[in-house]
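Participant: Residues per chain are reported as follows:
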Amino acid sequence: MDKELQDLIKKLLTEKKVDYAIGYEKAYDEFSTRPAFVTSAEDTARLIFNKYCINNLGLYLTKLKKNKIALICKGCDIPTVRELVKEKQFSRENVIVIGAACDGVLDKRTGKQPEKCLNCGVKQPKGADFTVGTAKDSTTARNFNDVAEFEKKSSKEKMQFWDRQFEKCIRCYACRNVCPVCYCPDCFAQRSMPEYLNKNVDAEENKMFHMIRMQHVFGRCTDCKACDTACPVNIPLTLLTKKLAKDAKELFNYESGADMDARPPLSTYDEDDPESGIM
Amino acid sequence: MARIGVFVCHCGTNIAGVVDVTRVAKYAGSLPGVKVAVDYKFMCSDPGQNTIIDAIKKYGLDRLVVSACSPRMHEATFRRTAERAGINPYMVEMANIREHVAWVHSDDKELATQKAMKLMEMAVAKVRRSEALSKMFAPIEKRALVIGGGIAGIQAALDIAGAGYKVLLVEKEPSIGGRMAQLDKTFPTLDCSACILTPKMVAAAQDPNITLLTYAEVTEVCGFVGQFEVKIKKKAKSVNSKCIGCGVCTTKCPSKKALSEFDEKLAPRKAIYTPFPQAVPNVPVIDRTACTFFLTGKCKICEKVCPTGAIDYTQQDEFIKEKFGAVVVATGFDIYDHSNYGEYGYGEIKDVITGLQFERLISSTGPTAGHVTRPSDHREVKNVVFIQCVGSRDEAKKRPYCSRVCCMYTAKQAMLLKDHYPETQAYVFYIDIRSAGKNYEEFVQRAQNEYGVLYLRGRVSKIYERANKLLVKGADTLSGAQVEIEADLVVLANGFEPKKGAKEFAQLFHMSSDQYGFYNELHPKLAPVETAISGVFVAGCCQSPKDIPDTVAMASATAAKVCALFAKEKLEVEPLIAGVNQLTCSGCETCYNVCPYSAIEMKDKEVKRGEVRHVAEVLESVCKGCGACVGACYSKAVDLKGFTDRQVLDQVETATAPITDN
Chain A
1432 MDKELQDLIK
1442 KLLTEKKVDY
1452 AIGYEKAYDE
1462 FSTRPAFVTS
1472 AEDTARLIFN
1482 KYCINNLGLY
1492 LTKLKKNKIA
1502 LICKGCDIPT
1512 VRELVKEKQF
1522 SRENVIVIGA
1532 ACDGVLDKRT
1542 GKQPEKCLNC
1552 GVKQPKGADF
1562 TVGTAKDSTT
1572 ARNFNDVAEF
1582 EKKSSKEKMQ
1592 FWDRQFEKCI
1602 RCYACRNVCP
1612 VCYCPDCFAQ
1622 RSMPEYLNKN
1632 VDAEENKMFH
1642 MIRMQHVFGR
1652 CTDCKACDTA
1662 CPVNIPLTLL
1672 TKKLAKDAKE
1682 LFNYESGADM
1692 DARPPLSTYD
1702 EDDPESGIM
Chain B
2 MARIGVFVCH
12 CGTNIAGVVD
22 VTRVAKYAGS
32 LPGVKVAVDY
42 KFMCSDPGQN
52 TIIDAIKKYG
62 LDRLVVSACS
72 PRMHEATFRR
82 TAERAGINPY
92 MVEMANIREH
102 VAWVHSDDKE
112 LATQKAMKLM
122 EMAVAKVRRS
132 EALSKMFAPI
142 EKRALVIGGG
152 IAGIQAALDI
162 AGAGYKVLLV
172 EKEPSIGGRM
182 AQLDKTFPTL
192 DCSACILTPK
202 MVAAAQDPNI
212 TLLTYAEVTE
222 VCGFVGQFEV
232 KIKKKAKSVN
242 SKCIGCGVCT
252 TKCPSKKALS
262 EFDEKLAPRK
272 AIYTPFPQAV
282 PNVPVIDRTA
292 CTFFLTGKCK
302 ICEKVCPTGA
312 IDYTQQDEFI
322 KEKFGAVVVA
332 TGFDIYDHSN
342 YGEYGYGEIK
352 DVITGLQFER
362 LISSTGPTAG
372 HVTRPSDHRE
382 VKNVVFIQCV
392 GSRDEAKKRP
402 YCSRVCCMYT
412 AKQAMLLKDH
422 YPETQAYVFY
432 IDIRSAGKNY
442 EEFVQRAQNE
452 YGVLYLRGRV
462 SKIYERANKL
472 LVKGADTLSG
482 AQVEIEADLV
492 VLANGFEPKK
502 GAKEFAQLFH
512 MSSDQYGFYN
522 ELHPKLAPVE
532 TAISGVFVAG
542 CCQSPKDIPD
552 TVAMASATAA
562 KVCALFAKEK
572 LEVEPLIAGV
582 NQLTCSGCET
592 CYNVCPYSAI
602 EMKDKEVKRG
612 EVRHVAEVLE
622 SVCKGCGACV
632 GACYSKAVDL
642 KGFTDRQVLD
652 QVETATAPIT
662 DN
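Those protein sequence lines, which keep their order, are chains A and B. Residue 1432 is where the first sequence starts when you use my numbering, and the numbers rise one by one after that. Residue 2 is where the second sequence starts when you use my numbering, and the numbers rise one by one after that.
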């Protein structure tokens, strides 16, 4: 599969179809990969794809707006590309999406497959310009059972749970930095005039930061779990992002990065909009 | 450092009766940046304003807080005061301690005073961050759109045109004239309605400044005062401009299935028709839902008989888009449909008719040429019962309002009946008589005393059909007796209700309407013809039921407003609008998508040297300052002038801090 991938990229680079290819390369040990930016045909030998390729490379699109890019995407990364195109962060013509068939990645911290791979419907990528490899059967439909289970807890229990989680937060902003849709040139969390958020690492302020970030990415977050993977203190952000996806689906029948023509729920108004949040 | 002056108003006892104003002023004096804090009986009065001006000069103030009434009431006043004293008018903040405190918290003076102190403190926090803003100007398209060709629309159009401005008068029906054209005589003078209306219709048609557009509807509106862009649908008339109005087509048309809207469905009309003989313009239209040719593909008689070849079956609906500086909405009313009044036969008894149908029956241009006969068997009538307040003053029918004209038109109709047929007897069931207006009460008295109309105070409980007669059962509450009248005809005084589709129409302009659907004026007393949308005015019964004199007065008032607007060289625009910091804009187009006024433009722009980015820009003359974009922007690149995030957050912070009053 690596060979197939390298040949494809080599071809694209020599034909000058793209300036960059963004993929994965081996990092310091066999369980680690890191993003690789390849500009010449000779360099393509670095590129690999395996079960440790956990990063969502869609992140780099917003940073390389002007170039023509070949981007290696797992099936679950492709909605990110669509969402960013929709938000006019770059034009679709400037990116060639190379879908890599994936049988699920491994989180090297736990040595297990993350939750998203366990109920993944896109092991064989959909909507890519080129696809490499073939995945084993991937018919599992996505479900929100774990979120629904969590929702059953009482408000107090939920609050206690999150208070404990956000106490751990060290405000390193890794979750924001790896988030492909958190591309604001100047994040509210670090503004000083006015100071939307206190810069102290403090349980309450941390909670505010995460809640505001979640509100900002509602209807835009493609639930790629990059934030969850990046968190150095293991805050289960995936529970929140998945809740966002669930609410978008259930309240507005909207799925981020799915339909290029659908308007995001928070920037449209319809008389039939649910008002469950309004007292 | 800011130099702030705080001025606390007593508003007589309106505020001072509840709030300890001296304590508020004393507390204000202790706040950082506040150089002077005083209280005064009426800040808005001349001496009150002079106190402010003197304080500005004496203490070198550069910003003001006025703790008084709602900014809707006097913000403009105090901005002008500041301007007179040489301060930028946008350095003024108001703390509303009347509506928000004194009027709603009169039960707890201590807490009310604390709230007043807090609101004042918040205003101080906000004004500290205020920035000087300057007024902006926008061009005005000096052309008015009048929607609705009834007497209100005609009058407004004539008056605006008389001042020398161009007017486009749009009417949905094939002719202008509206409801007034349907009436026979008008109260209280009993002059012929058509005789006084027709000259106005003709004048409107002949005025070089007025363009008539009949059989047309407004479908889309964008823009704002001075620059409305309106899309109008010209419905296909199927008759082109060669028509000379000879009427041969109408005479020869074989189709008689459709019912005449003008005659209130009392008579059939042809498929090609003008609504009434004096129609303006006198050009017929083909009703495609009734025309034999459009239904079956055969006929074309009108085309054959037309001497000028004016019939055009291929005509299509046409859309035009034009610009206007101001709009007069005069869309009129509908008559209440009494089919949900069980006691009056659910609208199914043929000889129970509406007041407007009676107008058509007694009118010499009506279907019976002025002979009042029963619609069921065309027999002449002897006893006629009039019932008032049908769909008016009736809580159960969700029409609790008074329609204002029914008492008068019933008296008029009873008199006309007696005039035409001296041997008839008219009975009127009423709740009470409302005849406020010049010569109105005398008119009703005349109906009773000279014409012998029998007024019975009470309601009708049931109408039966029995042996070619209608048996009307009711109560006469004055004598306490139950009455039964054998009538030949029952005329209901149907009230007014909003035109069908009034709410949808209001949405085109973002106008608001009341719970019934009548359009809301800006202020019930002081701005009765303006709406919340600047540049859009209302006239006539679309705003509330009213009689002809009131309608004409209101229409002329809208014309005065339009002319006042057009007399200005340029339009002053409030600078309280959004602005984008393009350095922090990520170009995600969220603001562009949420803006209800299309006031955001996306541009590729060099934001830093050598860095061209896709960013948002606010079109200053289009922005209304609603703030939707500010809330939507993730990167906080948009801010609302006069309500910046810094100001609002400072207010929030102040609001949540305890009062340090000692």
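Take the hints with a grain of salt, since some may be wrong.
[Stated by the list, open to error] In silico DSS-like links for lysine-lysine, alpha-carbon gap of 30 Å or less:
no. : chain 1 : residue 1 : chain 2 : residue 2
1   : A       : K1517     : B       : K625
2   : A       : K1543     : A       : K1457
3   : A       : K1677     : B       : K637
4   : B       : K637      : A       : K1497
5   : B       : K500      : A       : K1519
6   : B       : K500      : B       : K351
By construction, these hints were calculated from the structure, which means they are not laboratory data.
Participant: Run the distance test for K1543 (chain A) versus K1457 (chain A): straight-line Cα separation, threshold 30 Å.
Facilitator: holds (19 Å)
Participant: Are the Cα atoms of K500 (chain B) and K1519 (chain A) separated by 30 Å or less?
Facilitator: Measuring from Cα to Cα gives roughly 44 Å; hence the hint is violated.
Participant: Quickly compare the C-alpha distance for K1517 (chain A) and K625 (chain B) to 30 Å and report which way the hint goes.
Facilitator: holds (27 Å)
Participant: For K637 (chain B) and K1497 (chain A), compute the direct alpha-carbon distance and say whether it is at most 30 Å.
Facilitator: holds (24 Å)
Participant: Between the alpha carbons of K1677 (chain A) and K637 (chain B), is the straight-line distance 30 Å or under?
Facilitator: holds (27 Å)
Participant: Is it true that the CA of K500 (chain B) sits at most 30 Å from the CA of K351 (chain B)?
Facilitator: It holds: about 24 Å lies between the C-alpha atoms, which stays within 30 Å.
Checked against the numbered hints above, the structure breaks only hint 5 and satisfies the rest.
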